[in-house]
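Participant: Which chain is which? The protein sequence lines are B and V, in order. Quick note on our numbering: the first sequence kicks off at 1 and runs consecutively. Quick note on our numbering: the second sequence kicks off at 252 and runs consecutively.
Source of the hints: derived by calculation from the structure; they are not laboratory data. Keep in mind that a hint or two might mislead.
[Said to hold, decoys possible] 35 Å max Cα-Cα, derived DSBU-like pairs, lysine-lysine:
1. Lys401/V / Lys125/B
2. Lys125/B / Lys266/V
3. Lys246/B / Lys117/B
4. Lys246/B / Lys61/B
5. Lys266/V / Lys401/V
6. Lys192/B / Lys358/V
7. Lys266/V / Lys120/B
[Stated by the list, open to error] Computed, partial: chain V to chain B, Cβ under 10 Å:
8. Lys266
9. Thr306
10. Val310
11. Leu317
12. Ser372
Because the structure is a prediction, the values reported are computed rather than measured. All C-beta atoms in this analysis are idealised placements derived from N, C-alpha and C, irrespective of residue type, glycine included.
The chain contents come next:
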Amino acid sequence: MIKARGKIGFHLLLQSRFWVIFFLGSLLFCIRWTKGAGYLDLYSVLLKPILPGTAQREWIKEGENIERNIRLKLLEDDNTRLRRALSLKEFSADKRISAAVISRSSRNWWQQLEINKGTKDGVWKGQTVIGPGGLIGLVDSVTPLTARVRLLTDPGNQVGAWIERTKRHGILTGMGTNRPKLTFLNKNSLAKIGDAVTTSPASTLLPPNLTIGIVQFVNEKALPSPYAIVQLTASPEAIDWVQILKNNGQK
Amino acid sequence: MCLQFCVITSPNWLKINGISPCWPVILLLPFSLNNPPWKAAFVSFLLGIFIDSFTLSDVSYIPSLLLLSVFWSIYGLHNKKIESFLNIGLMAIFGTAFVGLSVWIQKIIIYSFLRNNWFHSWSIYVLISEVIITGLVAPLFSSWLLLAYKKN
Numbered sequence: 001m002i003k004a005r006g007k008i009g010f011h012l013l014l015q016s017r018f019w020v021i022f023f024l025g026s027l028l029f030c031i032r033w034t035k036g037a038g039y040l041d042l043y044s045v046l047l048k049p050i051l052p053g054t055a056q057r058e059w060i061k062e063g064e065n066i067e068r069n070i071r072l073k074l075l076e077d078d079n080t081r082l083r084r085a086l087s088l089k090e091f092s093a094d095k096r097i098s099a100a101v102i103s104r105s106s107r108n109w110w111q112q113l114e115i116n117k118g119t120k121d122g123v124w125k126g127q128t129v130i131g132p133g134g135l136i137g138l139v140d141s142v143t144p145l146t147a148r149v150r151l152l153t154d155p156g157n158q159v160g161a162w163i164e165r166t167k168r169h170g171i172l173t174g175m176g177t178n179r180p181k182l183t184f185l186n187k188n189s190l191a192k193i194g195d196a197v198t199t200s201p202a203s204t205l206l207p208p209n210l211t212i213g214i215v216q217f218v219n220e221k222a223l224p225s226p227y228a229i230v231q232l233t234a235s236p237e238a239i240d241w242v243q244i245l246k247n248n249g250q251k
Numbered sequence: 252m253c254l255q256f257c258v259i260t261s262p263n264w265l266k267i268n269g270i271s272p273c274w275p276v277i278l279l280l281p282f283s284l285n286n287p288p289w290k291a292a293f294v295s296f297l298l299g300i301f302i303d304s305f306t307l308s309d310v311s312y313i314p315s316l317l318l319l320s321v322f323w324s325i326y327g328l329h330n331k332k333i334e335s336f337l338n339i340g341l342m343a344i345f346g347t348a349f350v351g352l353s354v355w356i357q358k359i360i361i362y363s364f365l366r367n368n369w370f371h372s373w374s375i376y377v378l379i380s381e382v383i384i385t386g387l388v389a390p391l392f393s394s395w396l397l398l399a400y401k402k403n
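So that you can see chain V by itself, here it is in the shape it has in the complex (with noise of 0.2 Å):
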């Protein structure tokens, strides 16, 4: 429900360039490095059905949000405190960052004429876009929600 109202709603408060940060990548933060890998794998299968409901159906997130959700949850069982700001944001970095080259890499590879020319300065301009927003928000939700989900 948080996910879809803020997908739908992206407030313009939140947005850098007229892009708004990668909720996924926000949400599943958190969740994964909590939890065991097989969890978090399939929450980020349920989580991508989720999000590219909401998309022009041509491209997915789910493939980019497994490998990350297993990847942190590996991560958060070996690291017990990941509580810090600087590492939340820079893991939400790096996380939209693989998010934005996978989705990229897709379009690439199903619209022909997008392979004509390699340099696409629309992707690297979103590219840029969502991972500096994501990396300035992310610190304040997925610490919270990491916290939370500690908590209970």
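Looking at chain B on its own, in the form it has when it is part of the complex (with noise of 0.2 Å):
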């Protein structure tokens, strides 16, 4: 008799929505243990593959770049007073003078620019001039009007460079062609392809961290010091405008 009742009440259970009330329930109960934690998951996964928008991916991209601005103002103020401190020289972008190049001779025996400023405008010998891909050469004379720059590439033309990843400097000889030669001071070049050359942060004859170039060839066995040869990234053929920095110079 009992066991019947047993039954019947078992029967009713089943039959009855206790299971489900149970079941939801204890869910309900997850839910609120883990704080939304499934549900959140389930509803990012489901989000991803449409977050961000396009608006939404703009916004994003216009504060980053914002972001990125900020923090280089800050890092160039930072820079020029670090280098105030050490007496080093300094690179502002406000001390340039733009400059149209009036004739060109980048591949003869002699590789020169003409450009359109002299002494009038402020330009001075040894200033240094650089285009679109960075350094391209220094004022070698001045008229009143007009400045000629002898390029990087010119045969006899040196100057100090380095590799920034390595820090180990170098000096920079034109060679005619659009690859310079940098060869190196130390035994030890550690230099690998694909490496940025740059101007020195110690320069004092040239404003520091200009790009020069990028490494295309190494030779570490040369003697009496290792050698690398650079692909210019400023190409002097096909430049029209430049700019001249004020930094430095001989009046």
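Could you fit the two chains together into a complex? Lean on the hints.
Facilitator: Dropping the structure here:
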């Protein structure tokens, strides 16, 4: 009798919505206990392909650019302050003169550019000339209205350079082609193909950290010191406008 | 004035591989062929000073132009009828090669690092290109100038 009543009770329990209620209750308890983690995870997985939207992506990029610009400005200010403290040459973006190329001889015996700014505009011998891509050369001579720029590629032109990654200094010598030779001052250059070559941050003649080119070839076994062939990032053959940095030069 | 214009403007259609003709040779050749050696040498000296002022001041055109002007002048005195295109072209080619070699040798003497590797691809490239373009341009310009000198 008791057995039969138990069976009936169990049957009624199954028939009733007890298990559904129990299951829902447990689920609710789990959700509450995990603070909705499962839901949130599922929601994020579902939203992943469509986020961020086109508009949001633009805003994010813009925000990132603004942040980078502010950061760059802060770092530049910091750099200027530190360079002043160390009495090193300063590099200010404000002290630039834009000039047009009026004559070009970038592949001849003399590799030079004539630009349309001279002493009247504050251009002096020895000032640094840059173009899109980085350093191009130095002002060799000036007239009141024009200046002659000796290109980095000109045979006989030598400037100091270094590889930022290895912190190794060298002398960049023009070889007549767009690939000058960087002769290292150390026995072991540690340079690799693809390394960026820039002006030395400790240079007293050239503004610091100007891009010159990329290492294309390294000969570690060369005597008396290893050398690298550098592909210039600024192509003098294609540049119509240049900028003269007023940091250095002789009046 | 003409030389200055040619050197400064150096139009692209008158270039081969980015290299313009050797204008001092083109202008000096007809003058030297039509004048005595002393006069040709004097003019070549002036021309050398003039053209050197448009280049980076390390090596000079003057020695090679002086020698060429004297040689062409003597040649012109002995051969009165040099008016054919081929003659002028050949003389301009040899003259340009001589001027180019002179510049090359001066650079090697001045810059010690160029002595370390004697094969300078850039120099050979410039020399050959300059010789070709001068050889093509000279028969037109130099012949015309030579005829103009002779008429005067």
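Participant: With reference to the structure, classify each hint as holding or not holding.
Facilitator: Here is what the structure says about each hint:
1. Lys401/V / Lys125/B: Violated, at about 45 Å.
2. Lys125/B / Lys266/V: holds, 30 Å
3. Lys246/B / Lys117/B: holds, 12 Å
4. Lys246/B / Lys61/B: holds, 34 Å
5. Lys266/V / Lys401/V: holds, 29 Å
6. Lys192/B / Lys358/V: holds, 31 Å
7. Lys266/V / Lys120/B: holds, 33 Å
8. Lys266: Status holds, d = 9 Å.
9. Thr306: holds, 4 Å
10. Val310: Holds, because the Cβ-Cβ distance from valine 310/V to chain B comes to roughly 8 Å (cut-off 10 Å).
11. Leu317: violated, 18 Å
12. Ser372: Constraint on serine 372/V satisfied, holds at 7 Å.
The structure shown violates the earlier hints numbered 1 and 11.
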